[in-house]
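Residue numbers (our numbering), protein chains in the order written: chain A, 1 to 463; chain B, 1 to 463.
Treat the hints as calculated values from the structure; they're not laboratory data.
Since the model is a prediction, treat every value here as computed from it, not as a measurement.
It cannot be assumed that every hint is accurate.
Since the list gives no way to pick out one identical chain from another, each pair is judged satisfied if it fits inside one copy or across any two copies.
Said to hold, decoys possible - In the PhoX-like style, the derived pairs of lysine-lysine whose C-alpha atoms are separated by at most 25 Å in a straight line are:
| no. | residue 1 | residue 2 |
| --- | --- | --- |
| 1 | 76 | 109 |
| 2 | 184 | 340 |
| 3 | 234 | 76 |
| 4 | 268 | 340 |
2 protein chains.
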Amino acid sequence: MNILKLASRATMIAALVPTIALAAQRSHPVETLRDAALNDDLAWEISEGLTTEVGQRMAGTEAEARARTWAVARLKALGFANVRIEPFDMPVWVRGAETAEIIAPFPQKLVLAALGNSAATPASGLTAEVIGFASLDALIAAPAEQVRGRIVFLTHRMGPTQDGSSYRPFGAVRQLGPSEAARKGAAAIVIRSVGTDHHRGAHSGAQSWATGVTPIPAAALSVPDAEQLERILKRGKPVSMRLVLTPRQTGLRQSGNVVAEVPGRDAKAGIILIGGHLDSWDQGTGAIDDAAGIAITAAAAKRILDAGRPLRTIRLVWFGAEEVGAFGGIAYQARHAAEKHALVAESDFGADRVWRFDTRFADAASPTAKAIASALLPLGIARGGNEARGGSDVGPVAGTRGAIVDLRQDGTRYFDVHHTPDDTLDKIDPAQLRQNVAAWTAMLAVAANSAEEFGPVTPPARP
Amino acid sequence: MNILKLASRATMIAALVPTIALAAQRSHPVETLRDAALNDDLAWEISEGLTTEVGQRMAGTEAEARARTWAVARLKALGFANVRIEPFDMPVWVRGAETAEIIAPFPQKLVLAALGNSAATPASGLTAEVIGFASLDALIAAPAEQVRGRIVFLTHRMGPTQDGSSYRPFGAVRQLGPSEAARKGAAAIVIRSVGTDHHRGAHSGAQSWATGVTPIPAAALSVPDAEQLERILKRGKPVSMRLVLTPRQTGLRQSGNVVAEVPGRDAKAGIILIGGHLDSWDQGTGAIDDAAGIAITAAAAKRILDAGRPLRTIRLVWFGAEEVGAFGGIAYQARHAAEKHALVAESDFGADRVWRFDTRFADAASPTAKAIASALLPLGIARGGNEARGGSDVGPVAGTRGAIVDLRQDGTRYFDVHHTPDDTLDKIDPAQLRQNVAAWTAMLAVAANSAEEFGPVTPPARP
Numbered sequence: 001m002n003i004l005k006l007a008s009r010a011t012m013i014a015a016l017v018p019t020i021a022l023a024a025q026r027s028h029p030v031e032t033l034r035d036a037a038l039n040d041d042l043a044w045e046i047s048e049g050l051t052t053e054v055g056q057r058m059a060g061t062e063a064e065a066r067a068r069t070w071a072v073a074r075l076k077a078l079g080f081a082n083v084r085i086e087p088f089d090m091p092v093w094v095r096g097a098e099t100a101e102i103i104a105p106f107p108q109k110l111v112l113a114a115l116g117n118s119a120a121t122p123a124s125g126l127t128a129e130v131i132g133f134a135s136l137d138a139l140i141a142a143p144a145e146q147v148r149g150r151i152v153f154l155t156h157r158m159g160p161t162q163d164g165s166s167y168r169p170f171g172a173v174r175q176l177g178p179s180e181a182a183r184k185g186a187a188a189i190v191i192r193s194v195g196t197d198h199h200r201g202a203h204s205g206a207q208s209w210a211t212g213v214t215p216i217p218a219a220a221l222s223v224p225d226a227e228q229l230e231r232i233l234k235r236g237k238p239v240s241m242r243l244v245l246t247p248r249q250t251g252l253r254q255s256g257n258v259v260a261e262v263p264g265r266d267a268k269a270g271i272i273l274i275g276g277h278l279d280s281w282d283q284g285t286g287a288i289d290d291a292a293g294i295a296i297t298a299a300a301a302k303r304i305l306d307a308g309r310p311l312r313t314i315r316l317v318w319f320g321a322e323e324v325g326a327f328g329g330i331a332y333q334a335r336h337a338a339e340k341h342a343l344v345a346e347s348d349f350g351a352d353r354v355w356r357f358d359t360r361f362a363d364a365a366s367p368t369a370k371a372i373a374s375a376l377l378p379l380g381i382a383r384g385g386n387e388a389r390g391g392s393d394v395g396p397v398a399g400t401r402g403a404i405v406d407l408r409q410d411g412t413r414y415f416d417v418h419h420t421p422d423d424t425l426d427k428i429d430p431a432q433l434r435q436n437v438a439a440w441t442a443m444l445a446v447a448a449n450s451a452e453e454f455g456p457v458t459p460p461a462r463p
Numbered sequence: 001m002n003i004l005k006l007a008s009r010a011t012m013i014a015a016l017v018p019t020i021a022l023a024a025q026r027s028h029p030v031e032t033l034r035d036a037a038l039n040d041d042l043a044w045e046i047s048e049g050l051t052t053e054v055g056q057r058m059a060g061t062e063a064e065a066r067a068r069t070w071a072v073a074r075l076k077a078l079g080f081a082n083v084r085i086e087p088f089d090m091p092v093w094v095r096g097a098e099t100a101e102i103i104a105p106f107p108q109k110l111v112l113a114a115l116g117n118s119a120a121t122p123a124s125g126l127t128a129e130v131i132g133f134a135s136l137d138a139l140i141a142a143p144a145e146q147v148r149g150r151i152v153f154l155t156h157r158m159g160p161t162q163d164g165s166s167y168r169p170f171g172a173v174r175q176l177g178p179s180e181a182a183r184k185g186a187a188a189i190v191i192r193s194v195g196t197d198h199h200r201g202a203h204s205g206a207q208s209w210a211t212g213v214t215p216i217p218a219a220a221l222s223v224p225d226a227e228q229l230e231r232i233l234k235r236g237k238p239v240s241m242r243l244v245l246t247p248r249q250t251g252l253r254q255s256g257n258v259v260a261e262v263p264g265r266d267a268k269a270g271i272i273l274i275g276g277h278l279d280s281w282d283q284g285t286g287a288i289d290d291a292a293g294i295a296i297t298a299a300a301a302k303r304i305l306d307a308g309r310p311l312r313t314i315r316l317v318w319f320g321a322e323e324v325g326a327f328g329g330i331a332y333q334a335r336h337a338a339e340k341h342a343l344v345a346e347s348d349f350g351a352d353r354v355w356r357f358d359t360r361f362a363d364a365a366s367p368t369a370k371a372i373a374s375a376l377l378p379l380g381i382a383r384g385g386n387e388a389r390g391g392s393d394v395g396p397v398a399g400t401r402g403a404i405v406d407l408r409q410d411g412t413r414y415f416d417v418h419h420t421p422d423d424t425l426d427k428i429d430p431a432q433l434r435q436n437v438a439a440w441t442a443m444l445a446v447a448a449n450s451a452e453e454f455g456p457v458t459p460p461a462r463p
């Protein structure tokens, strides 16, 4: 990352946008806006400001409330219209103490982090024998008597993928493993972090208990610690582990979505809903997840705002409480479902370059899709398919047959950092961040001024 | 690292040793031993075993004692002669709780680790205003009234170097900064970690208080946290920080050196002293610092042992208590100074490939130096100069005019991991580890069978 940062801005932009210098029509408004965005500083300033002046902003906490105050001030200062907080309540779980220790045969401490909604151990800890499973399927297949009263260790072999597609199968370890272990009477469960790095920060993340299951302590070991535990188990001796996890449910608390608008000329043309999420996990400062996303979309919207009133209204939403259950998106949908949404798009996959452009458009809108694709190609972004899925915040509204655009970011290193203490500002590469702003600016410049209807479309299947 | 590990052993070895296939004299004993060592598994087994079955082994603790027991059993099983522990006492400092929090203007937690010999804060913590300095020189130049009662934050810009030469100037921040801050009446000091990574593990390390100075709490922030604090200070508002650090001095405890030998044919020819250190810092499992070093030297010595009795005795020492003050090397020197040491060499700079071969030989020994250089060249190792310095453990004995060999390892990524929780087995690349074993095997095969005297030489100047 440092090497990327050391390269001059000019070099990086040249590398990212090899054909810009060859473009003939410098006066085309979309291209002009797009190319100017390659010099954007606003997205960096928002990312830097939020992560520095607020830091972590766990949903429903006082820190997330400070983030909303910060956001409203920043968005008003930028000149957006109708800047406001739309509050909602949601259940809040907070982390407590968390330590793990091998008692026998090889005494040593391990690094772990409680998973969302984990139950607590006694304050004095819980000691039990460890039983290891190489996959979720192996745990599912195991007889309950093998598991009962033990600490389940569930491992896997997640690897990096550009499109992030490895998150779904390996994420199942976190989503489904704890309930499966609890169902079989396990005393607790520790999983290998759902991540692709080899650092000693554990990857936290949400999981929810299956109906009827009694919650147990559930945590993720850092990847090196998970590999250590595998090696220890391979020695074939009984392995005894002591866990101290003291998270707690604190009941309903207030979160909220922060909304800002670029007013359009034609209210009937429908809203273009864009944004990311303001909340973060609590270990890092939420730089790539998702300060970058709210910064990219805000910086692009600001460029459209400054370019003169577009046809359609652009509504920028910095959603609250995404990480812990997408409560902000659900609250938005409940409040705004009746409004006409022409298009939704979300940025919530880090800050690395956009490499692919997907739509979910009705056939009639293919000229607009083509115009966007043309504007994106000089940024190194290839046209994908027509099966865009949107993000978790805009998903509920998109589920009402709204059209979707995905500007897909390179996720190769995203799961090195995702939900870890390492999610800090230094992980954002300013040059790639600018390419994101240029892509969003170009997309909005076309879509906000197109008179075509993009939908209705068949919504994506939700898991 | 993963990419390196995924490459097949054959590919890696081909890359590391491009000319081996062209060598004509496959029957030369040095070359045969060297090339066989490129398939070594023993160094990996020792690294894996020690880091898995013992884990961290802080000097003078029960964990280091377990490591000695482990070491004696392993070295005896390998068939070395005269395997023994040579115990000594040393003062032991142990880590306690350690938390840091910005109270104002932007409340948030920071990650840090106490430095060796740090004083403790009250158990309830210490809160004071932060004053930042961009360099040790700036702190030295500051009037005491600026510093008195405050928490000094001392930052720097250490970058990676292949030869590790950046450690000395930037390491001064850790070695000298705390005493300088204490001298000026600071309440505490936090430094930017002496490291080259951007992960949230702080780099610990030894520092000793200057004469007459009263110890204060002293800790290292992780690099991302140090950069965060710089950004916060740049806002120009008073910054208030709360520190909780509860390390303590526990008095004199027992440590020890573990010694093993390959007996030579001629006691008068002098001993070849090789090794690394058995102890580690307490946050990681001490894989690159220095399980790798003791493993490389042991694996090479084992190959000489198995090849038939050499002319000179090779003494392998796994030193105790290096990290906290090189007590093992001092104890060794006190016990063995009267013995004739023909040559000393240490491996204590990670597990990446050897790229350079330095000597400190008398002129008369240059034929041996040339023979070693010839044997190393096919491993991609270039001849350096005649100003080898040895390591911190063998330094005291080398200071008695003994000859020295340095097999210098690539340190480009060493300070990403050094003294952090990230120093775990996965940071060792097996292919590069084997190249180290081959280099040490070749060097020993020549030096242990050469009848030349390598010294006496002028010892290196010690700082």
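Requested in this report: Please flag the earlier hints that this structure goes against, numbers listed from lowest up.
Outcome: Of the numbered hints, 1, 2 do not hold.
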